[in-house]
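2 protein chains.
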Amino acid sequence: MPPVKHLMTPGPTAVPPAVLEALSLPILHHRTAEFRSIARGMNEDLAWLFGSAEAPQTVVGSGTAAMEAAIVSLLGHFRDSAEKALVLSNGKFAERWVKVCSAYGIGNVPLKVDYGQAPSPEQVEGKLKADPKLRAVVLVHSETSTATVCDLAGISAVCQAHGAMLLVDGITSVGAMPVEADGWKIDALVTGSQKALMNPPGLGFVSVSERGWQAAAKLGQTPYCLYLDLRAYREKTKDNDSPYTAAVNLVRGVAAACKMIRARGREATWADVRKQAVACRAAAEALGVKVFSKSPSDSVTALVYPAGVDDKKFRKETVEKHSVQLAGGQGSMEGSLFRISHMGAVTMGDLKATLTAVAEALISQGHKCSAAEALAAAEAAAK
Amino acid sequence: MPPVKHLMTPGPTAVPPAVLEALSLPILHHRTAEFRSIARGMNEDLAWLFGSAEAPQTVVGSGTAAMEAAIVSLLGHFRDSAEKALVLSNGKFAERWVKVCSAYGIGNVPLKVDYGQAPSPEQVEGKLKADPKLRAVVLVHSETSTATVCDLAGISAVCQAHGAMLLVDGITSVGAMPVEADGWKIDALVTGSQKALMNPPGLGFVSVSERGWQAAAKLGQTPYCLYLDLRAYREKTKDNDSPYTAAVNLVRGVAAACKMIRARGREATWADVRKQAVACRAAAEALGVKVFSKSPSDSVTALVYPAGVDDKKFRKETVEKHSVQLAGGQGSMEGSLFRISHMGAVTMGDLKATLTAVAEALISQGHKCSAAEALAAAEAAAK
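Order-wise, the sequence lines are chains W and Z.
Counting in the numbering used here, the first sequence runs from 4 upward without gaps.
Counting in the numbering used here, the second sequence runs from 4 upward without gaps.
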């Protein structure tokens, strides 16, 4: 099968040719001045993108590995105290962070809200007020499984008021929408290479605040997990080095992507993503298809299948007839929704091709709608 | 700086063009039939290479992550019992596995032998006999930092006799020298993508025995580390899938490398590596340079600098004048030795270019030797 022309999945996202080229350069040894100079460029650009004075730590692993590293490093010391984390849980990924806390014996209280809903600052405040042992909040900024965004700045203000730490899964938000590691006083902010950073999966990044490092220092000499102990990374990142073998070609790929984002600008990149999201939601309305989320994220849109439309058949048609790869639903949402990414290298052109494919595949299964109307609605909204 | 022509470091090792090509293919989504078919090819080939009926688990991470996954998954339950692991410690990597055990509260007894020496089956037997609470042996088959190999088959026989589990860091042995996961009753056998598998760093592989899975089952519902719990991987590997986002382009790269190794044959590959190692050791003698290890590994050779030769100056000359990248010593061995890899894509031609560069760089610093004699010795030994 030829490669798909429009990879619209929310991770891995489309990888631009300049990044593919960087990935295929002859291998470099990771303990060389040349490699460190590439890593320095990536570190500086990522600090800028995260809105942080300090470069994030680079973990070879999936986004889960990076988020687990943040949790065990900053909250690991809760195991030996009565302190607990409030874990905002409204989707597949949020639920995973509950499991991570439990794996390390970190006391945790889930704040459950329905799939497709965002936990609010008021809900968080209520919980923090009611239980002074809640000393940290763990949340997913943009929950990819339900395409739902929460009010991170608002929740951050609540955390500040209560002196609680704030750990954020920004895997589908950093680089796609406004997030400010330092400005919003985020103690750990995480992303992965395969989202807005337009690279293959394989690297996770964790930006840690000064308060976060102080919390990590409480862990003592023996960490609970060697590979995910961020303190060892910080020692090396200072010199643009790594504690374990660096994934050299992915670092090159991310460095190349960062250069592209830097050339375009942070705000301009966010605006582009937002424009596609707004256009997509308007087109959905024109198609008579419901947006799943009550608080839709800009980085990915989840749309509910009209009654009678079969997920597998629908996505098979978009990919085989139109070369448009869409994502389905995850877990209990499997079969009931599909998702379109707006992150990274996808353009309004990709979105339009996608909307045409979506309309035609819906029509194939008996849903009444018009591609032309969807495109017109998208264009009007994007203005 | 142009890329080095002869990357002779023991990881990352040289990456052949066919693999670089695979790495730069347009990205595939990991939850597709097409990707699973590539993963199936890799899994089947890796099972063959490991000498195991079951495919190894693929962890996105460095070799350390994969080895840590093996330890926490198979030995994690020791935390709540009096059982302990005997950790053979004779170099930087062996020392790391002691730290991993301690991080998880896994009781451990290091068996220390000097750098450059291999722990013997007799020493292991002595320890296991003396302390019946030692229920597992953790060892590095080929310790990269000192270029030292141990008698794995012999130690395996001792473990069998005592009913102890056997966990093996085969990071610079699998694919480079005889290792048989099933045949040698190894409960966990680990390697990484950036060694004999001729790929960039980023993937680790763990082959687990049936007894190993039974030990992992004792861990209960809550693992000690979510990301490194191999049980979750096994559930997905059965379908050539992964619990967390797969590093798709690296899987493609490893699949391509496996095809090359399969075409050449396991035994033929091992023989090639051995030939280079034997040639290198003979050349070292001709150069008047001592082999560091008392039990030299075939996958990498560590050579001791003659008195008065400066490491940094020496390696700068080989890379800048001859485009030969060598590795230095690690930890306390820094400055006193250099290392030459024989794994993966390097050929006798690369070794000869290396020996010439080594001879000339030694001569530059006043050591008396002859490149011609070194090459003659290498050729004679390789016959």
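In case anyone wonders, no lab produced these hints; they're calculated from the structure.
Among the hints, a few may not be true.
Pairs count within a copy or across copies, as identical chains cannot be separated in the list.
With a straight-line cut-off of 27 Å between C-alpha atoms, the simulated DSS-like cross-links for lysine-lysine are [said to hold, decoys possible]: (1) K221 <-> K102; (2) K87 <-> K115; (3) K239 <-> K102; (4) K297 <-> K8; (5) K8 <-> K241.
Going down the list of hints, with the structure as the test:
1. Taking identical chains as interchangeable, the C-alpha atoms of K221 and K102 lie at most 27 Å apart whether they share a chain (22 Å) or sit on different chains (18 Å).
2. Taking the closest pair of Cα atoms, K87 and K115 come within 27 Å of each other only inside a single copy of the chain (16 Å); across copies the shortest separation is 40 Å, beyond that limit.
3. In this homomeric assembly, K239 and K102 come within 27 Å of each other (Cα to Cα) only across copies, at 18 Å, whereas the closest approach inside a single copy is 29 Å.
4. For the identical chains of this complex, K297 and K8 are neighbours neither inside a copy (31 Å) nor across copies (56 Å), given an alpha-carbon limit of 27 Å.
5. Taking the shortest Cα distances, K8 and K241 never come within 27 Å of each other, neither inside one copy (40 Å) nor across copies (30 Å).
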